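Work the whole structure out from these sequences, hints included.
Note that the numbering used here gives residue 906 to position 252 of the sequence shown, counting from 1, and the numbers run on in steps of one.
These are calculated hints, taken from the structure and not from any lab test. From a predicted model like this one, the values you see are computed outputs, not experimental measurements. Only true hints are included.
Now the in silico label distances, taken between C-beta atoms and shown as ranges: (1) S898 x S707: 53 to 59 Å; (2) F763 x N819: 24 to 30 Å; (3) R867 x L710: 49 to 55 Å; (4) P820 x M894: 33 to 39 Å; (5) T887 x R744: 16 to 22 Å; (6) D706 x R867: 42 to 48 Å; (7) Y885 x H751: 20 to 26 Å; (8) P741 x L703: 24 to 30 Å; (9) S898 x I814: 31 to 37 Å.
The beta-carbon is built from N, C-alpha and C at its ideal position, and this holds for glycine as well.
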Amino acid sequence: NDLQNISFATPQMKSRAGAQPPSLPRLGLRHLVLYPFLLRLFLSGALPLLLDSGTLIPGLRYTDVDYAVYTDAAVLLREGGSPYDRPTYRYTPFLAHAIRVANAPWNAFWDGLFPGRGIFLDEGGRVLFVASDAICGYLVAVLRARVSGEGDGAGRWDLIWWAYNPLAIVICTRGSCESFLVLLPVLTAVWLALAASDGGADVGGRGRRRMRRSAALIGVALGIASHNRIYPTIYIPAFMAYLSRREGTASGSP
655 NDLQNISFAT PQMKSRAGAQ PPSLPRLGLR HLVLYPFLLR LFLSGALPLL
705 LDSGTLIPGL RYTDVDYAVY TDAAVLLREG GSPYDRPTYR YTPFLAHAIR
755 VANAPWNAFW DGLFPGRGIF LDEGGRVLFV ASDAICGYLV AVLRARVSGE
805 GDGAGRWDLI WWAYNPLAIV ICTRGSCESF LVLLPVLTAV WLALAASDGG
855 ADVGGRGRRR MRRSAALIGV ALGIASHNRI YPTIYIPAFM AYLSRREGTA
905 SGSP
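Shown next as structure tokens:
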């Protein structure tokens, strides 16, 4: 049984190994992703309009000061320049490219509604960040439901704590890129959990191929995450050791 093979499983988890695997909270996809995303999207538009002008609270600006830096860098990329032509840009070029890609459909939509007026242009980066934060909450629920063995209630509360946490909402709606950069390590953890629970189920060549395919996906996500932030490199030894052990289980070796 997969759950019994997980080295960090508690006795209570192992005792439930024969039971049905925990499923996601029965709230539907719109509750899991859409509602938190729409809440963040609304706040990311309303709060900057109310606060950035200084008319509501003089001297208080809601938008993160760095948001203008990497948004300007994305515009420079679109115009054929380098993101480092923008003074104080100290981020990876990957971030500027991601915002440039997000800006393309966003600008096309608003330019179609208000031709030539420049309303809400180059705000695709903020949409990217709020979408990343909402997806992170969904993946946290997937991960918890898949490996914890604590049932639907744990996954539901994890999702609620993330999706409606004021701190997480403020960070992404201010235009901070942290939610987007956190998404990559979270994806890595989810792929690892899926590889651990699925890869060991098949003994032989098919199990080894599935493990190697999952390990390749984990490597890509972890590489991109480490390119953006150096701290995910601390997970590499643990990931390699764990995947090696699971591959041994899939191949039938001790």
